[in-house]
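Novice: Below are the chains, spelled out letter by letter.
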Amino acid sequence: MIIDVHAHWGPWFFTMDVAGASLATMDRYGIGKAIVSATEAVIYDAQAGNRALAKVLEGQDRLYGYVTVNPRRLREAAEDLRDLTGPWVGVKIHTDYTGSPVTSPRMRAALELAAEAGRPALVHTWGPSVLDLAQVCLDIPGLRVIAGHMGADGYRYAIEAANGCDRLYLEPCWSHAPAGRIAEVVAAVDDRRLLFGTDATLIDPSSAFGAVAAAGLTGATAERVAWRNAAELFAI
Amino acid sequence: MPFDAWSLIGGLEVTLDVDVLVGAFPDRDGPPGTPESVGELLAGHRTRTGAVAGLRAALFDVRQGNDEVLALAADPRWLPVGTVDLRDPVGAGRELDRLAGAGVRAVRLFPDEQGVEASFPSVRHVARRATELGLVVLTGGDVRRFWQPFAGIGARVVFLDTHFYHLGDFLVAAMEEPGFHTSTRLLNSPDALETVAAEVGAERLLHGTRAPHYEPIVPLLRLATGGLDPAQVAAVAGGNARRLLS
Numbered sequence: 001m002i003i004d005v006h007a008h009w010g011p012w013f014f015t016m017d018v019a020g021a022s023l024a025t026m027d028r029y030g031i032g033k034a035i036v037s038a039t040e041a042v043i044y045d046a047q048a049g050n051r052a053l054a055k056v057l058e059g060q061d062r063l064y065g066y067v068t069v070n071p072r073r074l075r076e077a078a079e080d081l082r083d084l085t086g087p088w089v090g091v092k093i094h095t096d097y098t099g100s101p102v103t104s105p106r107m108r109a110a111l112e113l114a115a116e117a118g119r120p121a122l123v124h125t126w127g128p129s130v131l132d133l134a135q136v137c138l139d140i141p142g143l144r145v146i147a148g149h150m151g152a153d154g155y156r157y158a159i160e161a162a163n164g165c166d167r168l169y170l171e172p173c174w175s176h177a178p179a180g181r182i183a184e185v186v187a188a189v190d191d192r193r194l195l196f197g198t199d200a201t202l203i204d205p206s207s208a209f210g211a212v213a214a215a216g217l218t219g220a221t222a223e224r225v226a227w228r229n230a231a232e233l234f235a236i
Numbered sequence: 001m002p003f004d005a006w007s008l009i010g011g012l013e014v015t016l017d018v019d020v021l022v023g024a025f026p027d028r029d030g031p032p033g034t035p036e037s038v039g040e041l042l043a044g045h046r047t048r049t050g051a052v053a054g055l056r057a058a059l060f061d062v063r064q065g066n067d068e069v070l071a072l073a074a075d076p077r078w079l080p081v082g083t084v085d086l087r088d089p090v091g092a093g094r095e096l097d098r099l100a101g102a103g104v105r106a107v108r109l110f111p112d113e114q115g116v117e118a119s120f121p122s123v124r125h126v127a128r129r130a131t132e133l134g135l136v137v138l139t140g141g142d143v144r145r146f147w148q149p150f151a152g153i154g155a156r157v158v159f160l161d162t163h164f165y166h167l168g169d170f171l172v173a174a175m176e177e178p179g180f181h182t183s184t185r186l187l188n189s190p191d192a193l194e195t196v197a198a199e200v201g202a203e204r205l206l207h208g209t210r211a212p213h214y215e216p217i218v219p220l221l222r223l224a225t226g227g228l229d230p231a232q233v234a235a236v237a238g239g240n241a242r243r244l245l246s
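For the record, the sequence lines run as chains A and B. Each residue of the first sequence is one higher than the one before, counting from 1 in the numbering used here. Each residue of the second sequence is one higher than the one before, counting from 1 in the numbering used here.
Among the hints, a few may not be true.
Just a few of them, taken from the derived set where beta-carbon distance is under 8 Å, the chain B residues facing chain A [said to hold, decoys possible]:
#1 Arg63
#2 His163
#3 Leu171
#4 Ala173
#5 Met175
#6 Pro212
#7 Tyr214
Bear in mind the hints are in silico, worked out from the structure with no lab data behind them. Cβ atoms here follow ideal geometry from the backbone N, Cα and C, with glycine treated the same way.
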């Protein structure tokens, strides 16, 4: 069984038509559960996207929700975090679409909301920004953060970030698969803080699945990455 | 067992990978990129032949690097691809002539590694000369920019860095250019391969991995688990490349 902690629901603006792709794609890769955010919420209108996703989450037991938070709309975020419970097990914050760098005061305020809600926050990271995320996490008591993409090409910064903050988790999805990226991270970071994510439906799961497969994980580490760490972090 | 990619790949075999390198990047820790190690990597990913270019030629010494790659021709695991240095367009023209005279079928361009932009006269010069010589061009670079020097001249090109974010740009260019093809390496959205097949035909898709610098299992897994029919998969896995490069 695999838990995908970085997935989406809804259409994208690229030349692609994947709004209907979800459970069948998950089945192909043995992904039993996925925690999804609404693309509308990530890209344009957080509150409207969250409300649309709420209807999708009703009546099924494989998809869980991220409450997407726009750090520029903190009052709406507080409302959503109050109203959306049950399958809404985490918080999603995208830095680029909201123009909110990890170091910005508004991002810090958004992460404080996530900490108060007691939900892990998946934050988009790229390059050295993952180090900034580790510092913010250290500054906010009780916050648990997932470094989405584990810095992408900045995965060596992600190693440093994870080793400097024991409440920071790494999630590997990226459309590129440089040789040895996953293996290097697994060798350097406590395997209790490694998660699996795909970025579906933007990216086909074959990208992250193949990259992790190339690392040749076995035994308890494979199990932790595949699902155990996610199950414990999100209590699902 | 989680992450068992080979059970999903099944019996798929690659007859020709269009994007393989030998040599090492001096600004990276590895891999070493010896022909032996790269050959083993390809064999481990059920790949019969790699269209291979050399980083020595791309980064330092064109002629010596090309000769190293051409020397691999006797081994059926390799289909040698020449390289020119876009920083030296005059020398590049001469090297294209030499490569064509030696029977090379394709030349690979490294604009990003050489710091060359699509609008530079060098790229237009090499695009035209390679096309005149009947060479297929395998080029890196952002397809939204690098389509332009190859447009309208009857070029046969494989864009090696087409990302699915830019798929629409490739498609509208390819609709007007029958010689435009793309590597599959970064077409890893859920429907990119299928969209290319539907819009311009699966014959425009060539399996490429950039082994050993990228994980070759990723595009292999994407191809194996996608929505192309078996004939299309076989064509993408090498049939198309063999037709283009032979």
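Novice: Now tell me if each hint is right for this structure.
Specialist: Status of the hints after comparison with the structure:
1. With its C-beta approaching chain A no nearer than about 28 Å, arginine 63(B) sits outside the 8 Å limit, and its interface hint is violated.
2. Of the supplied interface hints, the one on histidine 163(B) holds, with its beta-carbon coming within about 7 Å of a beta-carbon of chain A, less than 8 Å.
3. With 8 Å as the threshold, the beta carbon of leucine 171(B) comes within range of chain A, its nearest partner Cβ sitting at about 7 Å, so the hint holds.
4. Violation of the interface hint for alanine 173(B) is found here, the shortest Cβ-Cβ separation to chain A being roughly 12 Å, above the 8 Å cut-off.
5. Hint on methionine 175(B) is violated. Least Cβ distance to chain A is approximately 13 Å, over the 8 Å limit.
6. With 8 Å as the threshold, the beta carbon of proline 212(B) comes within range of chain A, its nearest partner Cβ sitting at about 6 Å, so the hint holds.
7. Below 8 Å, beta-carbon pairs count as interface contacts, and tyrosine 214(B) has one with chain A at about 5 Å; its hint therefore holds.
When the structure is compared with the earlier hints, violations turn up for hints 1, 4 and 5 and for no others.
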